Amino acid sequence: MAKQEKRTELKVTAIENGTVIDHIPPQSVFQVINILGLSRVKNQIMVGTNLDSQKLGKKGIIKVSKKYFESEEINKIALVAPSATLIVIKDFTVVYKAKVEIPQHITKIVKCINPNCITNHEDIPTNFTVIEREDGLRLHCNYCEKYTKKENIHFV
Amino acid sequence: MKNKSLISIHDITREQYDEVLDLAEKFEKNPKQDVLNKWVVATLFFEPSTRTRLSFESAANQLGARVIGFADASTSSVKKGETLKDTILTVSNYSDIIVMRHPKEGSARYASEVSPVPVINAGDGANQHPTQCLLDLYSIRKTQKKLDGINIAFVGDLKYGRTVHSLVQALTNYKTTFHLISPEELKLPSSVKQYIKDANLEYHQYTEMDEVIPKVDILYMTRIQQERFADPLEYERVKGAYILRDSMLAEAKKNLRVLHPLPRVNEITEDVDDNPKAYYFQQAQNGVYVRQALLTLILGEEKKVKS
Chain A
2 MAKQEKRTEL
12 KVTAIENGTV
22 IDHIPPQSVF
32 QVINILGLSR
42 VKNQIMVGTN
52 LDSQKLGKKG
62 IIKVSKKYFE
72 SEEINKIALV
82 APSATLIVIK
92 DFTVVYKAKV
102 EIPQHITKIV
112 KCINPNCITN
122 HEDIPTNFTV
132 IEREDGLRLH
142 CNYCEKYTKK
152 ENIHFV
Chain B
595 MKNKSLISIH
605 DITREQYDEV
615 LDLAEKFEKN
625 PKQDVLNKWV
635 VATLFFEPST
645 RTRLSFESAA
655 NQLGARVIGF
665 ADASTSSVKK
675 GETLKDTILT
685 VSNYSDIIVM
695 RHPKEGSARY
705 ASEVSPVPVI
715 NAGDGANQHP
725 TQCLLDLYSI
735 RKTQKKLDGI
745 NIAFVGDLKY
755 GRTVHSLVQA
765 LTNYKTTFHL
775 ISPEELKLPS
785 SVKQYIKDAN
795 LEYHQYTEMD
805 EVIPKVDILY
815 MTRIQQERFA
825 DPLEYERVKG
835 AYILRDSMLA
845 EAKKNLRVLH
855 PLPRVNEITE
865 DVDDNPKAYY
875 FQQAQNGVYV
885 RQALLTLILG
895 EEKKVKS
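Heads up: the protein sequence lines correspond to chains A and B, in order.
Take the position in the first sequence, starting the count at 1, then add 1; the result is the number in our numbering.
Take the position in the second sequence, starting the count at 1, then add 594; the result is the number in our numbering.
It should be emphasised that the hints constitute simulated quantities derived from the structure, not laboratory data.
Keep in mind it's a predicted model, so treat the numbers as computed, not measured.
The beta carbon of each residue, even a glycine, is placed where N, CA and C say it ideally should be.
Check each hint, because a few of them may be wrong.
Using 35 angstroms as the maximum straight-line C-alpha spacing, the simulated DSBU-like pairs for lysine-lysine come out as follows [claimed, not checked]:
1) B/K769 to A/K150
2) B/K787 to A/K147
3) A/K112 to B/K620
4) B/K791 to B/K833
5) B/K781 to A/K112
6) A/K147 to B/K596
7) B/K781 to A/K150
8) B/K598 to A/K151
9) A/K151 to B/K809
10) B/K791 to A/K147
11) A/K147 to B/K753
12) B/K673 to A/K147
Every beta carbon over 10 angstroms from chain A, so not counted as near; a handful from chain B, in silico [unchecked claim]:
13) K620
14) K626
15) P642
16) T737
17) K787
18) E830
19) K871
Some, not all, of what chain A presents toward chain B, calculated at C-beta under 10 angstroms [to be verified]:
20) C113
21) N143
22) Y148
With these hints in hand, go ahead and build the complete structure from the sequences.
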């Protein structure tokens with residue numbers, strides 16, 4: 002029994018300095034990697050998914066060594082993983098821990114759903130204002146003024 | 595409004611509507627004034643719109659401004675593959691203000707972000723056409739002597755008509771009651787109705803217009819296009835219900851005026867034209883005064899205007 006527990010803990014090792022993104026729904030882990038552009042960085046990265054979680058049942062976790070994200074940047078993942086927690090580690094110690102928050106503006110990462118929007122025809126970074134309504138979150142394109150609903154969000 | 599772009603009806607406040615309409619009133623009394631003689635206005639029409647372009651160019655010319663530009667993208671460098679950004683940056687070297695019409699939604703907002711000179715949106719795809727909206731407001735205010743407390747009926751294609759969407763939004767600044775008359779397929783989108791709800795105003799929906807005409811001050815007609823219907827038979831079935839004939843105005847209020855953004859096809863029969871309640875051609879003329887007012891305010895020359 003004791004042996005079993007130890008194995009669980011060792012699945013993902015601790016990092017000395019860097020950022021941990023915890024409580025990611027398993028289906029969103031690879032999207033989060035994309036949003037943060039992690040496929041292009043040279044840092045050591047550990048990714049775990051379908052791990053047991055008391056909160057979510059199953060969860061994913063990403064640990065990035067020696068990298069700290071701007072909160073604006075990390076908040077983008079709130080669009081696909083609103084349950085995620087951001088943890089900043091320095092010298093093996095947690096110095097910051099908070100749930101991600103959906104930012105007021107989303108720039109560059111999301112495609113506008115309107116095929117006739119100028120951002121889908123010229124090389125222009127997209128820019129949305131986040132609107133939260135009773136029927137869910139939607140993004141208001143600051144160019145064509147059309148709404149992209151949460152379920153229609155596609156990343157650039 | 596000096597040096598500010600006008601891209602969307604959301605960009606301006608109720609106070610600024612008044613400022614534009616008040617100045618337009620001065621131009622209506624005295625349209626030929628040499629107040630913009632040191633300025634160059636560029637009209638960039640990436641898609642043709644003869645009516646809107648001529649209205650802007652007439653407005654600028656009557657105020658003594660010089661006008662440069664193109665009427666159709668196929669005769670410009672756009673055809674060679676130039677980006678919108680490059681076209682705007684180049685033309686801003688040659689002019690003091692840019693008026694643009696473009697088939698893509700959001701193009702005017704983008705142009706205003708890259709342009710060092712102010713931009714007036716003369717229509718970006720199905721999105722915004724703020725000067726049409728301002729001339730509609732001007733026409734309502736002029737014919738009803740007020741903007742608050744108007745009963746307005748919108749008739750026809752309320753789903754795709756950007757003119758209707760913008761005017762509905764602008765009128766939510768005033769105590770308007772909305773009567774929305776359209777076939778089921780072409781009802782006002784819920785996103786636009788939300789503006790009415792947010793302003794705590796009243797709206798009613800109908801599929802026929804006869805019972806509504808006696809209640810309203812403004813009857814705003816629009817064209818129903820056949821291509822909006824998946825089933826051509828459905829179009830044939832409904833189209834007759836949204837045609838205004840002179841006889842239908844018999845029970846109308848005395849102050850009722852009929853507006854239409856033009857071009858009209860057959861949704862207002864020609865016998866309405868001679869009825870004093872028909873206002874659509876004067877409405878188009880008001881567009882020149884409103885555009886004169888906007889050019890003058892944005893170029894900061896309003897103090898030179900004589901009333």
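Hints violated by the structure (numbers, ascending) = The structure conflicts with hints 3, 9, although it agrees with all the remaining ones.
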